[in-house]
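Q: So the chains spell out like this:
There are 2 protein chains.
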Amino acid sequence: MSGNRRHISLNRPFAMHRGGELDGVRIAYETWGELNKRRDNAILLFTGLSPSAHAASASEDQSPGWWEDMIGPGRAIDTDRYFLICVNSLGSCFGTTGPSSVNPDTEETYRLTFPILSIEDIAQCGADVIEVLGIDQVAYVIGPSMGGMSALAFAMMHPDRAAGLILISSAARALPFAIAMRSLQREIIRSDPEWNDGQYQGHGAEQGMHLARKLGMVSYRSADEWKQRFGRERAPADEYRHPDQPFGIEFEIESYLEHHARKFSGSFDANCYLYLSRAMDLFDAADHGGCLETGLACVKASRVLIVGVTSDILFPVEQQRELAALLQVPDRELVFEQLSSNQGHDSFLVDMDRFRPVLSRFLNAG
Amino acid sequence: MSGNRRHISLNRPFAMHRGGELDGVRIAYETWGELNKRRDNAILLFTGLSPSAHAASASEDQSPGWWEDMIGPGRAIDTDRYFLICVNSLGSCFGTTGPSSVNPDTEETYRLTFPILSIEDIAQCGADVIEVLGIDQVAYVIGPSMGGMSALAFAMMHPDRAAGLILISSAARALPFAIAMRSLQREIIRSDPEWNDGQYQGHGAEQGMHLARKLGMVSYRSADEWKQRFGRERAPADEYRHPDQPFGIEFEIESYLEHHARKFSGSFDANCYLYLSRAMDLFDAADHGGCLETGLACVKASRVLIVGVTSDILFPVEQQRELAALLQVPDRELVFEQLSSNQGHDSFLVDMDRFRPVLSRFLNAG
Numbered sequence: 002m003s004g005n006r007r008h009i010s011l012n013r014p015f016a017m018h019r020g021g022e023l024d025g026v027r028i029a030y031e032t033w034g035e036l037n038k039r040r041d042n043a044i045l046l047f048t049g050l051s052p053s054a055h056a057a058s059a060s061e062d063q064s065p066g067w068w069e070d071m072i073g074p075g076r077a078i079d080t081d082r083y084f085l086i087c088v089n090s091l092g093s094c095f096g097t098t099g100p101s102s103v104n105p106d107t108e109e110t111y112r113l114t115f116p117i118l119s120i121e122d123i124a125q126c127g128a129d130v131i132e133v134l135g136i137d138q139v140a141y142v143i144g145p146s147m148g149g150m151s152a153l154a155f156a157m158m159h160p161d162r163a164a165g166l167i168l169i170s171s172a173a174r175a176l177p178f179a180i181a182m183r184s185l186q187r188e189i190i191r192s193d194p195e196w197n198d199g200q201y202q203g204h205g206a207e208q209g210m211h212l213a214r215k216l217g218m219v220s221y222r223s224a225d226e227w228k229q230r231f232g233r234e235r236a237p238a239d240e241y242r243h244p245d246q247p248f249g250i251e252f253e254i255e256s257y258l259e260h261h262a263r264k265f266s267g268s269f270d271a272n273c274y275l276y277l278s279r280a281m282d283l284f285d286a287a288d289h290g291g292c293l294e295t296g297l298a299c300v301k302a303s304r305v306l307i308v309g310v311t312s313d314i315l316f317p318v319e320q321q322r323e324l325a326a327l328l329q330v331p332d333r334e335l336v337f338e339q340l341s342s343n344q345g346h347d348s349f350l351v352d353m354d355r356f357r358p359v360l361s362r363f364l365n366a367g
Numbered sequence: 002m003s004g005n006r007r008h009i010s011l012n013r014p015f016a017m018h019r020g021g022e023l024d025g026v027r028i029a030y031e032t033w034g035e036l037n038k039r040r041d042n043a044i045l046l047f048t049g050l051s052p053s054a055h056a057a058s059a060s061e062d063q064s065p066g067w068w069e070d071m072i073g074p075g076r077a078i079d080t081d082r083y084f085l086i087c088v089n090s091l092g093s094c095f096g097t098t099g100p101s102s103v104n105p106d107t108e109e110t111y112r113l114t115f116p117i118l119s120i121e122d123i124a125q126c127g128a129d130v131i132e133v134l135g136i137d138q139v140a141y142v143i144g145p146s147m148g149g150m151s152a153l154a155f156a157m158m159h160p161d162r163a164a165g166l167i168l169i170s171s172a173a174r175a176l177p178f179a180i181a182m183r184s185l186q187r188e189i190i191r192s193d194p195e196w197n198d199g200q201y202q203g204h205g206a207e208q209g210m211h212l213a214r215k216l217g218m219v220s221y222r223s224a225d226e227w228k229q230r231f232g233r234e235r236a237p238a239d240e241y242r243h244p245d246q247p248f249g250i251e252f253e254i255e256s257y258l259e260h261h262a263r264k265f266s267g268s269f270d271a272n273c274y275l276y277l278s279r280a281m282d283l284f285d286a287a288d289h290g291g292c293l294e295t296g297l298a299c300v301k302a303s304r305v306l307i308v309g310v311t312s313d314i315l316f317p318v319e320q321q322r323e324l325a326a327l328l329q330v331p332d333r334e335l336v337f338e339q340l341s342s343n344q345g346h347d348s349f350l351v352d353m354d355r356f357r358p359v360l361s362r363f364l365n366a367g
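Note that the protein sequences, when read in sequence, are chains B and L. Residue numbers for the first sequence follow the working numbering, so the first one is 2 and each next one is one higher. Residue numbers for the second sequence follow the working numbering, so the first one is 2 and each next one is one higher.
Honestly, the hints are just simulated from the structure, not real lab data. Treat each hint with caution, since some may be false.
[Stated by the list, open to error] Now the stretches of chain B that chain L is said to cover, found in silico as 3 or more residues with beta-carbon under 8 angstroms: (1) 52–63; (2) 169–182; (3) 185–194; (4) 210–216; (5) 251–261.
Quick caveat: nothing in here was measured; it's all calculated off a predicted structure. Ideal placement from N, C-alpha and C gives every residue a C-beta, glycine not left out.
Chain B with its partners taken away, still in its complex shape (with noise of 0.2 angstroms):
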């Protein structure tokens, strides 16, 4: 399943942006295509909350990766043309140091000993890999979701480094709506008994990740894609619907959030969760130089592309607006598409005939 996973060491301490610091850093990364001979031909990507580096299948690990339909050879990130490389956050579960990982220090988990995590660590982590990787500069630094404001971070703090941004779906700040929801997905795992202050065996708080991720599902996805895709269908008496269970499954859309929190289920650690969710509420543009103006006019970027949806909720595309106008400067080719998928914030996931189209544009004109 990790065939094509790499990973970088870091033999020297890892200053973490809000304190504290981590001992033996690894992180875990893959690449799709080759780098060519002016090394100026790579793209980082940076992913939401729960993916893994696994974006796409290669010949190493043919799984299907999270945004297969998105990236290949010929596909709108073409690979071959560009050297892709896609960074498992720091923090996160899928190879790279993260709250379930062992401190090399105590020989013990680190669970809450944990630093602060913040959006600029996973963006500082990229920067890493690249270095290692041999490259000065990427063609494109690429995020969905808390991926873009990860790619944000990176094109603040290092400007030299990004040729071109592109944000999807994200925003250069959370608004008090995504806190509420989030804050209420780990206020529901941290009261799940089995998370245990967060000593658990195994991925823990298995019931609490259950109820999270369907919260996550309804911040996701749309009402209206929900009213045409299942109006008031009643589910199947299957597996999820148990007709003497007191207030079980008994309708569609109740059927269809228990499949998805059931596929999630004992994927991810509900630490790691926590301190992912919590650094997205964290993050702020406006931290980098006292308000959103003077944070953005770090980016040097020439070639910036921001999408949104119009019915995301989590990240709604007022806030991929803002960041168009405040990212639009005298000498940037800067490029706004507001796309009307009704598939709420994970529209980037699945509606691939939108999305498509408009990062093949936009990658194959620069």
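Using the hints, position chain L against chain B.
A: Relative to the frame of chain B, chain L by itself:
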């Protein structure tokens, strides 16, 4: 606290809409104003999921009611002119029979032996109350939110008993987004070990109810309101914010949700909440005749007011527009008011400056 509360007791079995029956049903209600000699000035008010029948203060109970600013002498619902009756819903826990009541046949608390609750049962209790009060027809039946579903059910089941109908932030049936939110609230409550399959002591599942209330607030208010009110303000270090608590409260929006959840805590029985919540999902005006059109065609009220709010995500304004379109028939005076309050579903409770004139105009024109 309940000095204005009256009860009726049914001396016959109460047949539940979806099967089963209840013995010794007791229905709590409050009234304001005086019934006139022609007995034609009554207004029957159904409530949302969680309020009691105490809609407004009265000489026998001067504590403010849940719709205090709407009701009273000279107010929008003018108790100098109208005789207002507010009924505590069947299945609730403020004096009316519900899952937390003792089953007279077994002398044990109903808990999950309470039969499936339907909005139609709540409506029927309203009909039973006015019958005991000697009222053949009410001038208006009114309801906000779930109360609107109850009012609509009343008007479909007893068309000759409702001369007028006022539906506020309500719907002919729930859409999947609303079902998802409520289903998740119920699952959160059921996942609390203290719920104990409904066999708890006290109000039950305090932590689950706390989380369900927070999720409720997410669905009752609006992202735009929170953006205006809270932005990214940090919470003060107060009773809610404990800097040493991992993943505890950091932002003002989190403190706001905590405040509301604590206010609600211990005020509502967990099993009652589950039954009422599910009743809202199950209600479908189309059950009355096979489709929405035939269901709503049962209504005979000659004056109808439908009010909706553009920022409501739980009962979106399209649902009120649908009600208005389907209830628009010759010889009926129908008014549809779409309000631009930014406080979401809760606007009818908090945006009095917009709601009062709408009800006042309609009731005073009649």
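Q: Checking against the hints above, which ones are violated?
A: 1
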